[in-house]
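Chemist: Turn these sequences into a full structure, and let the hints steer you where they fit.
There are 2 protein chains.
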Amino acid sequence: MKVVDLRNRAWRFDDRLRYLASRGDILAEEYEGSVKEIISQVRDRGNEALIEYTRKFDGLELTQDTLEVPYEELENAYEELEEKVKEALEIAEERIRVFHEKQLERSFFKEEEGIILGQKVLPLERVGVYVPGGKAAYPSTVLMNVVPAVVAGVEEIVMVSPKPNRYTLAAAYIAGVSRVFQVGGAQAVAALAYGTETVPKVDKIVGPGNIYVALAKKLLFGVVDIDMIAGPSEILVIADEGANPSWVASDLLSQAEHDELAASILLTPSESFANRVKEHVYKILESMERRDIAAKSLERFGTAFIVEDLYHACEVANFIAPEHLQVMTREPMALLPYIKHAGAIFLGDYTTEPLGDYVLGPNHTLPTGGTARFFSPLGVYDFLKRSSVLYVSEEGFKRVSDLAEAIAMAEGLEAHALSVRIRMKE
Amino acid sequence: MKVVDLRNRAWRFDDRLRYLASRGDILAEEYEGSVKEIISQVRDRGNEALIEYTRKFDGLELTQDTLEVPYEELENAYEELEEKVKEALEIAEERIRVFHEKQLERSFFKEEEGIILGQKVLPLERVGVYVPGGKAAYPSTVLMNVVPAVVAGVEEIVMVSPKPNRYTLAAAYIAGVSRVFQVGGAQAVAALAYGTETVPKVDKIVGPGNIYVALAKKLLFGVVDIDMIAGPSEILVIADEGANPSWVASDLLSQAEHDELAASILLTPSESFANRVKEHVYKILESMERRDIAAKSLERFGTAFIVEDLYHACEVANFIAPEHLQVMTREPMALLPYIKHAGAIFLGDYTTEPLGDYVLGPNHTLPTGGTARFFSPLGVYDFLKRSSVLYVSEEGFKRVSDLAEAIAMAEGLEAHALSVRIRMKE
Chain R
0 MKVVDLRNRA WRFDDRLRYL ASRGDILAEE YEGSVKEIIS QVRDRGNEAL
50 IEYTRKFDGL ELTQDTLEVP YEELENAYEE LEEKVKEALE IAEERIRVFH
100 EKQLERSFFK EEEGIILGQK VLPLERVGVY VPGGKAAYPS TVLMNVVPAV
150 VAGVEEIVMV SPKPNRYTLA AAYIAGVSRV FQVGGAQAVA ALAYGTETVP
200 KVDKIVGPGN IYVALAKKLL FGVVDIDMIA GPSEILVIAD EGANPSWVAS
250 DLLSQAEHDE LAASILLTPS ESFANRVKEH VYKILESMER RDIAAKSLER
300 FGTAFIVEDL YHACEVANFI APEHLQVMTR EPMALLPYIK HAGAIFLGDY
350 TTEPLGDYVL GPNHTLPTGG TARFFSPLGV YDFLKRSSVL YVSEEGFKRV
400 SDLAEAIAMA EGLEAHALSV RIRMKE
Chain Y
0 MKVVDLRNRA WRFDDRLRYL ASRGDILAEE YEGSVKEIIS QVRDRGNEAL
50 IEYTRKFDGL ELTQDTLEVP YEELENAYEE LEEKVKEALE IAEERIRVFH
100 EKQLERSFFK EEEGIILGQK VLPLERVGVY VPGGKAAYPS TVLMNVVPAV
150 VAGVEEIVMV SPKPNRYTLA AAYIAGVSRV FQVGGAQAVA ALAYGTETVP
200 KVDKIVGPGN IYVALAKKLL FGVVDIDMIA GPSEILVIAD EGANPSWVAS
250 DLLSQAEHDE LAASILLTPS ESFANRVKEH VYKILESMER RDIAAKSLER
300 FGTAFIVEDL YHACEVANFI APEHLQVMTR EPMALLPYIK HAGAIFLGDY
350 TTEPLGDYVL GPNHTLPTGG TARFFSPLGV YDFLKRSSVL YVSEEGFKRV
400 SDLAEAIAMA EGLEAHALSV RIRMKE
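Chains R and Y are the protein sequences, given in the same order. Here the first sequence stands for residues 0 to 425, numbered as in numbering that gives the first Met the number 0. Here the second sequence stands for residues 0 to 425, numbered as in numbering that gives the first Met the number 0.
Calculated from the structure, these hints are not laboratory results.
Since the list can't tell identical chains apart, any single copy or any two copies may satisfy a pair.
Mimicking DSS-like on lysine-lysine, the simulated pairs with C-alpha atoms at most 30 angstroms apart in a straight line are: (1) Lys-119 x Lys-109; (2) Lys-397 x Lys-119; (3) Lys-101 x Lys-119; (4) Lys-1 x Lys-424; (5) Lys-277 x Lys-424; (6) Lys-101 x Lys-397; (7) Lys-200 x Lys-162; (8) Lys-101 x Lys-339; (9) Lys-397 x Lys-109; (10) Lys-397 x Lys-277; (11) Lys-162 x Lys-55; (12) Lys-200 x Lys-217.
Modeler: As structure tokens, then:
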């Protein structure tokens, strides 16, 4: 973990800061050829290709009949949950649902003389949710990706997950998934985008995955809609002297344990505080099970920046546009107006990121690598689409027809003008 | 123009219908290599590459100082507008603005014991708008792409357009564009995505363009946000015997004149009506200036489908998910609940699409090629982004900390659990 002083200098040009801010450019092209091949095989040969790739990449021998996980298995996984975990997942599901209901959008219509204009809002019909399998199989991922779709009113939610574990299946049951297919990788994404004899074609694919999954989603954008292109995770903590350095240290580590590419960043006006946090980080690290991953992440990206003051901290945070931003200062609310770019903003000493990851309610699927400048957390809006509605009576037509004709002629689009003119005559 | 009967058969498998429904797959990979090269040159060499490509592709000799169109030229173009066009564009701008204001989203906060959760909604800081130059340079494109960004509150709107004509510049002035650069193609998209010494880096790029522009946008998705991947345009008209066949014909032609790849489709329960429309189409076509384009479009994609009844028509329309859907029946409103997938729905005989293209208010940038299943019209929501806001007091922490710890342990994420546990002790 590096300590870097940004005070009294042109901080925007600091090498470490720029290195952190450019972590976003991650989609290595070296895999593009093989992902394209997988996509075209699944598009052209359907199940056959899907089953072949699952054998090759997941070592799993499937048939047309075992691609889908029977719904009873979801129910069984749910029934067999430890009581404590079951309760936690159920409360989490409810809290996520209640928060996301605030994001629902309604259709609207407005009327004026002879003209009615509106916007009709409808859910997508069918969506696919990708959930990683194996080690990184998280029930919280299922809840966070599925519940917003349920709230939006999506009719059919299709989950794909290679070798889904019992927690993943139980969470799928709790969240309200319609069907689960035990496939993964680029082949699962392609199956959802084009449909196979067994896997239904969906309108949108969401959910995290490895580089193959991310590339397949990007390549298939347009054939289906996708959520954001997710890169490695990051946390940025703004803290003052009043914060507890061991709390800050453990929060930084909870990010670092995710992934060697994860970034943990502290901004503080106090150099001595930064050093105390650093000490705690290495002390806690020693006893961590996932210390190898966390240590590598800290070495590459872990940084404590010393800033002029808390307003300067907000400026630096906006420059980085972090996925997670924790504000552990004496007056956290006072900084909120200065924070412009962050996926989620955790205010106050007790608002540790893991609470948000699991149970508070807002989504934990957040824009990473600086894309919080333009992407939003996953939400109900991702599962809704809009159609414009227009009605013009003869009276309304008379009010606007001259204007439309004038612009059509200025654009040289004759038949556009004719469509207007032909209605004027009668 | 072909007449195809869909009655009394498995209509979803009709060849012509499937051909029309699969028009969406348009992003030819043959250009990908050259677009990638252009992008990397502009990223690495900035203005120098941008100026070289502009010389090569647009035959225009620019320098660092002439990349930008001076703001006075926008004002001059506005002052020199014919009075009628000026009035039309100004009223159009106002109507577009008023409609789009209904799409504004507000931040929200909700409180419960010891927990505050919310969503902060902010405009993007800087966006780029691509406007095609030359023949297909339309002032309405400028208004439709820029006004929603202005309504959202975007600070800086940067327009790029190769050889912008006076209407384009005047519309940019009316709409509220901040700066105009006279560059186009993939090189202009790359310049906006990465920034050059002169062109500012933006957060999102919107606007229509040729295949190079569309590919560049798709490749750069993730570096910046983009709007939808726009393909060729289409109109679908549902009409009954009561509609005026020459009106229907001219509306079909107003789509066909856009582009050889544009599709004009009629759905009607009346075979004789279909034939009458077809006659009018060919009669009007003869006298059209853009008849070569329109004739090619009609031959490839122009189709009148005979359907069982108007409900069947809605089913077929949903299958195609058209960009523009006109409903010219005796009771157009009665069909609205049955229409699920369309970019914009024009109800009634007088609601001809060109009115919507120019002056009514809803956006004319719409999802094409069947993507109305999951994409929305361009709107204010495209220029807003959201951050989650979370606050938990010590009391709130006690309510949820056990749950978060239970899930963290089920997921095997120890430091996540520690971040919670460390706060329990004190």
